[in-house]
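In our numbering, the protein residues as written are 1 to 580.
Simulated from the structure, these hints should not be mistaken for lab results. Worth double-checking, as some hints may not be accurate.
[Stated by the list, open to error] Dumping the calculated EDC-like pairs for lysine to aspartate or glutamate here, alpha-carbon to alpha-carbon at most 20 Å:
no., residue 1, residue 2
1, Lys327, Glu489
2, Lys309, Glu353
3, Lys306, Asp410
4, Lys327, Glu161
5, Lys329, Asp410
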Amino acid sequence: MSSKRRGGHRRGLERGVKMGVISTIMGAFGFGIGITLGLVIGYFLFIYIQTSDVETPEIRPLVDQDEPTLQRMFPEIPIWVKNPDHDRVDWLNKFIELMWPYLDKAICKTILTTTEPMIKEQTPQYKIDEVEFDSLTLGSLPPTFQGMKVYTTDEKEIIMEPSIKWAANPNILVGIKAFGLRPTVQVVDMQVFASPRITLKPLVPTFPCFCKILVSLMDKVSLLSVFLTLDAKKYAKIYLLFQPHVDFGLKLGGADLMSIPGLYGFVQEFIKDQVANMYLWPKVLEVPVLDPAKAMKRPVGMLNVKVIKAMKLKKKDLLGASDPYAKLKLTDDKLPSKKTTVKHKNLNPEWNEEFNLVVKDPEVQALEIMVFDWESVGKHDKMGMNIVPLKDLTPEQPKTLTLDLQKNMDPNDTQNEKSRGQIMVVVMYKPFGEDNLPTDIEEVSATQKAPEGTPEGGGLLVVIIHEGEDLEGKHHTNPSVRMLFHGEERRTKPIKKNRDPRWEEEFTFTLEEPPTNEKMHLEVVSTSKRMGLIHPKESLGYIDINLADVVENKRINEKYHLIDSKNGRLQVEMQWRASG
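Using the sequences provided together with the hints, build the complete structure.
As structure tokens, then:
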């Protein structure tokens, strides 16, 4: 029985194994068929069935995209690529990169020198014992200019809008000692993106060639840090205006203060609102550089000179007495000299003639008095000279002087010991009132009055020749401007081989009455010595300006198309300063 049971058990196992193999084969076969059918059906559905809500995307060329879209697509493209009116300034970036190690030290030294007295003045009211810089450096990464836009105007100014990016790594560590403690505040990891408007005005012929810097914000800004606002007022103001977007880190005793919830946003918004109220356009930060009255060398007063007489002059003629006359001129002035009448055959002439001279800088200028012997033929002989420094005169007080005539003003020249006679004059300096002094380009256009030295009912006519454009001569182009007014001729200096000359020369005329019914003739002429006698001089065009407009408007500044010139233009500024 046992053998039979064992045989039946063996046959059962064999049948089970066979059934397992068969089921495995059938399962694998079914899985393969299922995968195949699934792929076929999926492919069919993907190819032949599409959803109705899918649209074909619109493909547009870049030139058709608007500015916001392009900025989203290409956020890091320089501004000179996005805006064609901005210029590349790679040379400036290279210059700053090479100079940055020295600029960093110079700027930090200036900050330390400037802020030290300010900190000492402010700390007592906050009960702080001491505030000092433990470390001050702007880091090794210089700012970069992405581009710059420059505006051109007819006024004497330059307007710039630079685009600045600065990912700085400064290390500004400040120690604050108070109540027996000395915590430190640290500014690190600063990012700056800026496009301020910077105006240099007015432009003057004195280095650095502008009188003031005007800086303003075009958008509301996020600013630097409370520390820089409080403890470095002057320089913080200049830096803060350059920051439409700033990100920074601020640490106290090694802990990151900006990680305090809500503090970062509060500080940004508070400083942003305060600075925007002060400097958001049209408000500006004004940084004076030069005194406009001195830099522009505008008239600041009148010198009244009365030539009384000369005594004991030494004759220059071999036969008979001399024919003396006096010439008056202010040093450092291009205006023609004033002349007395000629007193024939007289070594003790009396003139009693009065003159007014325009003063531009009484601290530097001096009255130069020269006596000549008039000759009908040939050069007039110099009989002697002397000078009167204006700084030695008391304003509004007449001073009578009897001056010894000398050969020259060299104190070491022994020939000055020789007697040459004397001349007597009465001089009085009359400065302009403060209300009449031009302080900037806007005030020049305002109503100005001449000082008491001018004739009653008259005034001072100021003519400024700025520049010419598209001047062209047939044989040569060495332009200068020739002015004719009241029978007097004035000229600018000639500029050789230049079709677009810039003169920036000023002339003044003291008038007895307003020139309401008069005109001034201005002619652009070109002269050349190389052309010899064939074409030594030619006219490049002329204009006649009606001075009634100047008297009525007090100031005009226009570009005039020249008559008898194809495209030539001349920019002339005129001012009328009435007396009284």
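Unsatisfied constraints (hint numbers, rising): Hint check: 3 and 4 fail, others pass.
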